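Protein chains in written order, with the numbering used here: chain L, 38 to 514; chain S, 38 to 514.
Calculated directly from the structure, the hints in this document are not laboratory data. These numbers come from a predicted model, not from an experiment. Do not rely on the hints blindly, as some may be mistaken.
No distinction is drawn between identical chains; accordingly, a pair holds when it is met within one copy or between any pair of copies.
Taking lysine-lysine and the DSS-like style, the derived pairs with C-alpha atoms no more than 27 Å apart in a straight line are [as the list claims (entries may be wrong)]: (1) Lys289 to Lys339; (2) Lys375 to Lys289; (3) Lys438 to Lys157; (4) Lys217 to Lys428; (5) Lys115 to Lys59; (6) Lys501 to Lys104; (7) Lys72 to Lys274; (8) Lys428 to Lys59; (9) Lys428 to Lys72; (10) Lys77 to Lys462; (11) Lys406 to Lys289; (12) Lys289 to Lys377; (13) Lys377 to Lys115; (14) Lys77 to Lys265; (15) Lys488 to Lys443.
Protein chains: 2
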Amino acid sequence: MNEAIRNFFYPKTVMVVGASTKPGSIGYEFINTIKSCGYKGELLPINPKADEIHGIKCYHTIEEVDKTVDLAVVMVPKKFAEETIDTILARGIKSIVLITAGFKETGEEGAAVEERLLAKVKAAGARMVGPNCMGVIGADPSVSLNATFVAEPVYPGKVGFASQSGALAVTILNQTRITKFKFAHFISVGNKADINENDFLHFWQEDENIKTFAYYLESFINGTEFVKPFILGEVTKPCIVLKAGRTESGMKAASSHTGALGGSDRVVDAILNQAGVIRADDVQEMLDTVRGFENFPVPAGKNVAIVTNSGGPGILCVDACESHGLKLADLSEETRNKLKEIVHPEGSIENPVDLLPGGTAEAFAECCKILTEDPNVDAVINLFTEPVMVKGYPVLEEVNKIESDKPIVQIVYPLPETTPEYWEKSQYQRPLFFTNDAPAKIFENMLFHSKAQKRLTENREEYKRLFAIEGQCLLIS
Amino acid sequence: MNEAIRNFFYPKTVMVVGASTKPGSIGYEFINTIKSCGYKGELLPINPKADEIHGIKCYHTIEEVDKTVDLAVVMVPKKFAEETIDTILARGIKSIVLITAGFKETGEEGAAVEERLLAKVKAAGARMVGPNCMGVIGADPSVSLNATFVAEPVYPGKVGFASQSGALAVTILNQTRITKFKFAHFISVGNKADINENDFLHFWQEDENIKTFAYYLESFINGTEFVKPFILGEVTKPCIVLKAGRTESGMKAASSHTGALGGSDRVVDAILNQAGVIRADDVQEMLDTVRGFENFPVPAGKNVAIVTNSGGPGILCVDACESHGLKLADLSEETRNKLKEIVHPEGSIENPVDLLPGGTAEAFAECCKILTEDPNVDAVINLFTEPVMVKGYPVLEEVNKIESDKPIVQIVYPLPETTPEYWEKSQYQRPLFFTNDAPAKIFENMLFHSKAQKRLTENREEYKRLFAIEGQCLLIS
Numbered sequence: 038m039n040e041a042i043r044n045f046f047y048p049k050t051v052m053v054v055g056a057s058t059k060p061g062s063i064g065y066e067f068i069n070t071i072k073s074c075g076y077k078g079e080l081l082p083i084n085p086k087a088d089e090i091h092g093i094k095c096y097h098t099i100e101e102v103d104k105t106v107d108l109a110v111v112m113v114p115k116k117f118a119e120e121t122i123d124t125i126l127a128r129g130i131k132s133i134v135l136i137t138a139g140f141k142e143t144g145e146e147g148a149a150v151e152e153r154l155l156a157k158v159k160a161a162g163a164r165m166v167g168p169n170c171m172g173v174i175g176a177d178p179s180v181s182l183n184a185t186f187v188a189e190p191v192y193p194g195k196v197g198f199a200s201q202s203g204a205l206a207v208t209i210l211n212q213t214r215i216t217k218f219k220f221a222h223f224i225s226v227g228n229k230a231d232i233n234e235n236d237f238l239h240f241w242q243e244d245e246n247i248k249t250f251a252y253y254l255e256s257f258i259n260g261t262e263f264v265k266p267f268i269l270g271e272v273t274k275p276c277i278v279l280k281a282g283r284t285e286s287g288m289k290a291a292s293s294h295t296g297a298l299g300g301s302d303r304v305v306d307a308i309l310n311q312a313g314v315i316r317a318d319d320v321q322e323m324l325d326t327v328r329g330f331e332n333f334p335v336p337a338g339k340n341v342a343i344v345t346n347s348g349g350p351g352i353l354c355v356d357a358c359e360s361h362g363l364k365l366a367d368l369s370e371e372t373r374n375k376l377k378e379i380v381h382p383e384g385s386i387e388n389p390v391d392l393l394p395g396g397t398a399e400a401f402a403e404c405c406k407i408l409t410e411d412p413n414v415d416a417v418i419n420l421f422t423e424p425v426m427v428k429g430y431p432v433l434e435e436v437n438k439i440e441s442d443k444p445i446v447q448i449v450y451p452l453p454e455t456t457p458e459y460w461e462k463s464q465y466q467r468p469l470f471f472t473n474d475a476p477a478k479i480f481e482n483m484l485f486h487s488k489a490q491k492r493l494t495e496n497r498e499e500y501k502r503l504f505a506i507e508g509q510c511l512l513i514s
Numbered sequence: 038m039n040e041a042i043r044n045f046f047y048p049k050t051v052m053v054v055g056a057s058t059k060p061g062s063i064g065y066e067f068i069n070t071i072k073s074c075g076y077k078g079e080l081l082p083i084n085p086k087a088d089e090i091h092g093i094k095c096y097h098t099i100e101e102v103d104k105t106v107d108l109a110v111v112m113v114p115k116k117f118a119e120e121t122i123d124t125i126l127a128r129g130i131k132s133i134v135l136i137t138a139g140f141k142e143t144g145e146e147g148a149a150v151e152e153r154l155l156a157k158v159k160a161a162g163a164r165m166v167g168p169n170c171m172g173v174i175g176a177d178p179s180v181s182l183n184a185t186f187v188a189e190p191v192y193p194g195k196v197g198f199a200s201q202s203g204a205l206a207v208t209i210l211n212q213t214r215i216t217k218f219k220f221a222h223f224i225s226v227g228n229k230a231d232i233n234e235n236d237f238l239h240f241w242q243e244d245e246n247i248k249t250f251a252y253y254l255e256s257f258i259n260g261t262e263f264v265k266p267f268i269l270g271e272v273t274k275p276c277i278v279l280k281a282g283r284t285e286s287g288m289k290a291a292s293s294h295t296g297a298l299g300g301s302d303r304v305v306d307a308i309l310n311q312a313g314v315i316r317a318d319d320v321q322e323m324l325d326t327v328r329g330f331e332n333f334p335v336p337a338g339k340n341v342a343i344v345t346n347s348g349g350p351g352i353l354c355v356d357a358c359e360s361h362g363l364k365l366a367d368l369s370e371e372t373r374n375k376l377k378e379i380v381h382p383e384g385s386i387e388n389p390v391d392l393l394p395g396g397t398a399e400a401f402a403e404c405c406k407i408l409t410e411d412p413n414v415d416a417v418i419n420l421f422t423e424p425v426m427v428k429g430y431p432v433l434e435e436v437n438k439i440e441s442d443k444p445i446v447q448i449v450y451p452l453p454e455t456t457p458e459y460w461e462k463s464q465y466q467r468p469l470f471f472t473n474d475a476p477a478k479i480f481e482n483m484l485f486h487s488k489a490q491k492r493l494t495e496n497r498e499e500y501k502r503l504f505a506i507e508g509q510c511l512l513i514s
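For reference, chain L alone in the conformation it holds in the complex (with noise of 0.2 Å):
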């Protein structure tokens, strides 16, 4: 494994450059977040007249720091950039992030310094992310490191996120502690000088802490080496790409476009269809879906039942399953003859099965049990909307008990009280969906994997045979 590229997840010791004992500036911002968050590894602030910033020891200089820094992040003022990179690669340093605005993204200057800098990093073999860039999570346990300005708690996950857009990330960042969103690698990549989205590939495939992982992209750096990783089976965990410039006025706002994949959306659209890359529409789908790949199994097939309690809901989620090309699963007999011994006889047992407002914690698991266990069943959705005779907390859990090899995604339309007690109380901490298209889409996006996974396997040789011609791989429909 690339240990430059761990070290910016599973750093043991993290140099901040440029910390500051001046409230409100990032400088602060990011020594508290770093130490509110609970970093495990030891944290070296530099500030040349600070002796402590938020009690922790500040040293004056880099050169001063006799340790091995596994990690410099740096915020100083763009004028300073320069001869602090120089400073911390003669000190040996090899994973840099620079957070530092005013580069290649404001004209042709801060473009030339930005080529220097880089020529200096490959130099030393060095590798850096940014600049202008908000930062690095690594949230693995042993690592807790929250290396933004965002000073919100991390939640330790499977999955892996790179953002080119510091304020995407800051967007999903804000709102953790609503949505429990986890992660185990997030960063910001700014201007991709150096590290960019193709530098994590093998990097997440290879480590057995991520088990999806996903881009927010406003261009490829280089979409040949982008996709062949994925054509020649070297990278075959599920990647989710949400690409901005779907129009062409989106296209034009994405200045920062370096044109390799660019052009044509339909492309890029294409490309990554043929490498088996999941596109997300929009960032709540690219969430949705990485939660879905971290936890849940993926369908064997396109039949799903329906549990509910709630009519109209059950019928629009209906509509979202058909709409996602999945079916509504016809239910066995069998089936239907144990859900009549749960199901009240005004209700419905037939697919969506239908609870009515009166059913328990209690039948909505064993519904979704006993459709787990219909061999014409591939997925199972409980939709959950909670009435005033029954709570919700336990509802939700009793679904989550059930163990299965197929996925059973829960909707929900609970009253305020209900989500913070699931987070608070849940033994299994699954995510929960809020919408009716949520596990429509999440299951459609799981299927396209696993379908193009085969189709890449069983064409692998072909592929193969095409790519190294001429890094073709738009040739086998």
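Mind docking chain S on chain L? Use the hints.
Positioned in the frame of chain L, the structure of chain S alone reads:
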């Protein structure tokens, strides 16, 4: 204005037949909700044994009540429903909500009872909502009636909403404490034995408390009668329909379909389109669109300007605008010169205007104001991601203060504290949106409505002539 329908939303006296002293029962929860949500009129619970419920005087029989009763809400067990309705009608009460379930939706026997009830209601010149529904809300501050079993606070607004699904109504009400969704009228129509979607069209058009209205429907009771007032110009307020059963399986699941406009969903689409009725794709779009009409002026054209501190979300917002038929406005030179005074030199004075993370409340408000003054701009989106150095609430409220006849809609990615702070402090209480595409959908729907109104007005005589011949409304494309 139809008095019997008026009494569903503005009753001075409400009788609850089937009130109960048993916590958790529907008859108890209804009284609890009506009381705790601050009903301004007189509440008259009926229970053969109790003398008071929740401290409110309880009558033992309907006959005992010696007052004018504007509205009777009935939740007695099914076997007592018919005699209860008989007594209510004999008492001369003209507006009835029958909550009790177990009629047409359970088969032939239930359908026969429902038909008998309907005949009696009609013979008495009364009107009935339900059976099999979850109640009614009349949120006008002079009424404050929440006659449902969802004991959530009611925020008075200018929106009418009727739902064919009680559960769907509950999903929306369960979250009002968080969304602060505001209704004027909210009604669950259940089996639509008597009162159906068509009964509210003229009523909501005439009621000055209503600015826009929406339906969740699984079937049209009479599609021709639904579109007729729109085609003839009798109903011109914006109407949004979320129609379940878009897909074949969805349509099958919506077992209560009457087939009036049924059959092909594409026909439903075409006819609603012809009549200028907005069709929403999902619950969120329906709610966002009514909030749009309720709170913002309709844009005169499709040219949108975006102000943001967040590059990535800004580009996704541009993509959303173009996908929904809008255009990124070409800003005038004058506008760009004015923006130059405010925007950081490393930001952008092109559309989307980028203030960078340091953009202050004053800068956001000033930019939005400048953009509304540009004749090339029809609508403004303010897209704010809360960074560590700029507090969210002041940004939102400064932008709210701008007076303009152009809409300024805000997308916000706040820290969890900011939204409650906003609802607590804001003088304006304008809705906030949390996805990059919400304003684009709202503007698209607003423009659809005004364009359709123009088309209908200009061709009115032709529409009237064609409609008179055979109710045909698909002839002018």
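Hints versus structure:
1. Lys289 to Lys339: Between copies only: 18 Å across chains, 38 Å inside a chain, cut-off 27 Å.
2. Lys375 to Lys289: This pair counts as between: shortest inter-copy Cα distance 23 Å, intra-copy 58 Å.
3. Lys438 to Lys157: Close neither inside one copy (54 Å) nor across copies (50 Å); limit 27 Å.
4. Lys217 to Lys428: Answer is both: 21 Å inside a copy and 22 Å across each meet the 27 Å cutoff.
5. Lys115 to Lys59: within (18 Å within a copy, 70 Å between copies)
6. Lys501 to Lys104: This pair counts as neither: shortest intra-copy Cα distance 46 Å, inter-copy 86 Å.
7. Lys72 to Lys274: neither (33 Å within a copy, 55 Å between copies)
8. Lys428 to Lys59: Close across copies (17 Å), not inside one copy (48 Å); limit 27 Å.
9. Lys428 to Lys72: This pair counts as between: shortest inter-copy Cα distance 22 Å, intra-copy 38 Å.
10. Lys77 to Lys462: within (26 Å within a copy, 39 Å between copies)
11. Lys406 to Lys289: Close across copies (24 Å), not inside one copy (50 Å); limit 27 Å.
12. Lys289 to Lys377: between (58 Å within a copy, 20 Å between copies)
13. Lys377 to Lys115: between (70 Å within a copy, 22 Å between copies)
14. Lys77 to Lys265: neither (36 Å within a copy, 69 Å between copies)
15. Lys488 to Lys443: within (17 Å within a copy, 48 Å between copies)
Going down the numbered hints, you'll see the structure goes against 3, 6, 7 and 14, while the others check out.
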